[in-house]
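First to last, the protein sequences are chains L and C. Just so you know, we're using the numbering used here here: the first sequence kicks off at 28 and counts up by one. Just so you know, we're using the numbering used here here: the second sequence kicks off at 28 and counts up by one.
None of these hints come from the bench; they were simulated from the model. Mixed in with the good hints, there may be bad ones.
Which copy is meant is left open, because identical chains are indistinguishable; a pair holds if it fits in one copy or across any two.
Mimicking BS3-like on lysine-lysine, the simulated pairs with C-alpha atoms at most 25 Å apart in a straight line are [claimed, not checked]:
{"#": "1", "residue 1": "K338", "residue 2": "K273"}
{"#": "2", "residue 1": "K185", "residue 2": "K220"}
{"#": "3", "residue 1": "K220", "residue 2": "K273"}
{"#": "4", "residue 1": "K185", "residue 2": "K373"}
{"#": "5", "residue 1": "K106", "residue 2": "K373"}
{"#": "6", "residue 1": "K257", "residue 2": "K107"}
{"#": "7", "residue 1": "K107", "residue 2": "K373"}
Number of protein chains: 2
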Amino acid sequence: MTLSPTFSFNIVHQSKRSRARVGQIVTPHGVIDTPNFVAVGTNATLKALDSLTVTQLGLQLMFCNTYHLMVQPGTNIVKKAGGLHRFIGRTLPLITDSGGFQVFSLAYGGVHNELKSKGKRQTNNTVMSVTEEGVIFRSYRDGTPIVLTPESSILAQKDLGADIIIPLDELLPYHIDAQALEASFNRTHRWQKRSFQTHVSDPAGQAMYAVIHGNVNKELRKASCDFLTKLDFDGFAIGGSLGKTKEEMFDLLAFIAPLLPTQKPNHLLGIGDMNSIDIGIPLGIDTFDSSYPTRCARHGLLFTLQGHTIKVLSSANRDDFTPPDPLCRCFTCTNYSRAYLHHLFKAHEMTGYTLATIHNVHTMITLMQLYREKILNDEI
Amino acid sequence: MTLSPTFSFNIVHQSKRSRARVGQIVTPHGVIDTPNFVAVGTNATLKALDSLTVTQLGLQLMFCNTYHLMVQPGTNIVKKAGGLHRFIGRTLPLITDSGGFQVFSLAYGGVHNELKSKGKRQTNNTVMSVTEEGVIFRSYRDGTPIVLTPESSILAQKDLGADIIIPLDELLPYHIDAQALEASFNRTHRWQKRSFQTHVSDPAGQAMYAVIHGNVNKELRKASCDFLTKLDFDGFAIGGSLGKTKEEMFDLLAFIAPLLPTQKPNHLLGIGDMNSIDIGIPLGIDTFDSSYPTRCARHGLLFTLQGHTIKVLSSANRDDFTPPDPLCRCFTCTNYSRAYLHHLFKAHEMTGYTLATIHNVHTMITLMQLYREKILNDEI
Chain L
28 MTLSPTFSFN IVHQSKRSRA RVGQIVTPHG VIDTPNFVAV GTNATLKALD SLTVTQLGLQ
88 LMFCNTYHLM VQPGTNIVKK AGGLHRFIGR TLPLITDSGG FQVFSLAYGG VHNELKSKGK
148 RQTNNTVMSV TEEGVIFRSY RDGTPIVLTP ESSILAQKDL GADIIIPLDE LLPYHIDAQA
208 LEASFNRTHR WQKRSFQTHV SDPAGQAMYA VIHGNVNKEL RKASCDFLTK LDFDGFAIGG
268 SLGKTKEEMF DLLAFIAPLL PTQKPNHLLG IGDMNSIDIG IPLGIDTFDS SYPTRCARHG
328 LLFTLQGHTI KVLSSANRDD FTPPDPLCRC FTCTNYSRAY LHHLFKAHEM TGYTLATIHN
388 VHTMITLMQL YREKILNDEI
Chain C
28 MTLSPTFSFN IVHQSKRSRA RVGQIVTPHG VIDTPNFVAV GTNATLKALD SLTVTQLGLQ
88 LMFCNTYHLM VQPGTNIVKK AGGLHRFIGR TLPLITDSGG FQVFSLAYGG VHNELKSKGK
148 RQTNNTVMSV TEEGVIFRSY RDGTPIVLTP ESSILAQKDL GADIIIPLDE LLPYHIDAQA
208 LEASFNRTHR WQKRSFQTHV SDPAGQAMYA VIHGNVNKEL RKASCDFLTK LDFDGFAIGG
268 SLGKTKEEMF DLLAFIAPLL PTQKPNHLLG IGDMNSIDIG IPLGIDTFDS SYPTRCARHG
328 LLFTLQGHTI KVLSSANRDD FTPPDPLCRC FTCTNYSRAY LHHLFKAHEM TGYTLATIHN
388 VHTMITLMQL YREKILNDEI
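Next up, chain L with everything else stripped away, as it sits in the complex (with noise of 0.2 Å):
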């Protein structure tokens, strides 16, 4: 049972090898297919590339910040825009995040760096306040300070009315003692649950997904799974600072996934490089949210069907007129040569940049079909 009658996730098939599954979320704007790639468009969009044209590229699941779109265009523009899928012109599931994420990660200066544990503890007090109630920061835009509540950011996520939506929470980084951590982690257990109260006294047709806390902890971690499947939430994102190693994150997934409820679907925030995903979906994750892709395809490196990367503004490209992945059939690799886009890149044109994010969401699309084969095949 869920809380959400017009969601829903059904295994089609367990595979006989691993934890891994192929599944479909059923959303009121369809089904997604998984294990599947999110691509992440922060703006409402993803960057170079048109709301139609990702949706025609086959993006089953399109994740927005709340946090930025709070900021830009706020919240009440999307809300009478008729929500986020009319206002960016999308018929295909959005999730939205609680806004937390950026707000934290921007305060310890970007999250990303500190997850990889340089070990610096930077912050730009853009956070002025994390208390019982919530946090107030600092617009990033113009300095307005604006407070954010399990609730308010349940109800601006109702405002934007993505298909998924996710509980307040508090990001720590990676270099924390432990009783900050522990003070943090039973706080965000309980924003969490002001959050899903908020959330079911008006589910509107929206799933809300947990997310799993505790960073290194595996205590922590396990005490999180525990608190949070008694919720009756729709799904389980894994959040929080997995380590400063990929080892260390592999080995925390490792931990982490079989404590989550098979039957909801798993999803893991934030990762979504190829070798995260290979080692994620035989855990039993089921869709990864990433920019890496867009961001990469904008710094002129192509992925491949075959896992290798191709560096757009290598001199080799320069007069190479074979297309980008000749086993790729994109728009770009069907109608442009490798040695056109170095040129474009070159030129620092942003047709360069569009053309190489349409080809890598397309090949993180068809890596994802490939995955659902292999597990029907029981073959991961």
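Let chain L serve as the given structure and place chain C on it in line with the hints.
What follows is chain C alone, placed relative to chain L:
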């Protein structure tokens, strides 16, 4: 008779009211209906739009800049690709210039400012010398000296393989004394003759348009028409400085246009705002190239079929969920609202530039269709 059997200009209808005419320029890559707008894709792409999208929009002639392509990727690379059409994946006609315009306009600190006659005579020393032989200039990318002669410009344009090419000329600033003007004027004619001779020794299916010079001196303008129309160019472009005000330009155009042979296509170089098109068409100008509509798009200025413009960033558009131009049937107006475009521009998303460019190019193409209909009805 023409030297290029693959090129012809057919007048479909001569207006009874003015020198305006509807015509068809036939090229190896298809027909250009005239009057028409020619969009500028300096670096072998319209900014923010890929080549196939431009074709789908119905842009019949696209202008690329030889100077930029010589510097990056190098015309040898384009030749190796099989020419510009194949390099950029364009099946419709292309026109390239000689390179001279950019060499001189970059040297004079942007001819646009100079033509607008701020009276400043700037030079950034990119032009190292101008002699009878040609011009030596520094690459804007790496400072490498590049020699551009009438012959080398044409050979570069042969490498590119556009349907229409342009002889080397010297672009003078508006503020120039009579003696320097006349010396350059005569040299420019000699350069154009040498360009023509190089071209006819191997036409390769290309057509060549002469460039009428003489700045604001009507006597020189007439002499330029006399000299150049004696050579068997396939068309005539009006170039050089046309004065410091629109009035001066329109007066000059009214003087020059009737001096050009009616049976050949007439082009106005680098000017394509609606006001100038309005004035130019009744004078018999057939094609107008300009980067103005695409540049306006990237700055959030949208054209409409009714003739007014829309400032995307205007706060009135924040919650205006109507299409940018309700009468427009372009991809952007069919699928997206003013509010969404406003948001994309506010968020500095490239997607906004792409959608705005699609709209402005589509609007220019549609407006030119409307002009042709009016001429067919003798309303212009």
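Contradicted hints - numbers only: Going through the list in order, the structure violates hints 3 and 6 and respects the others.
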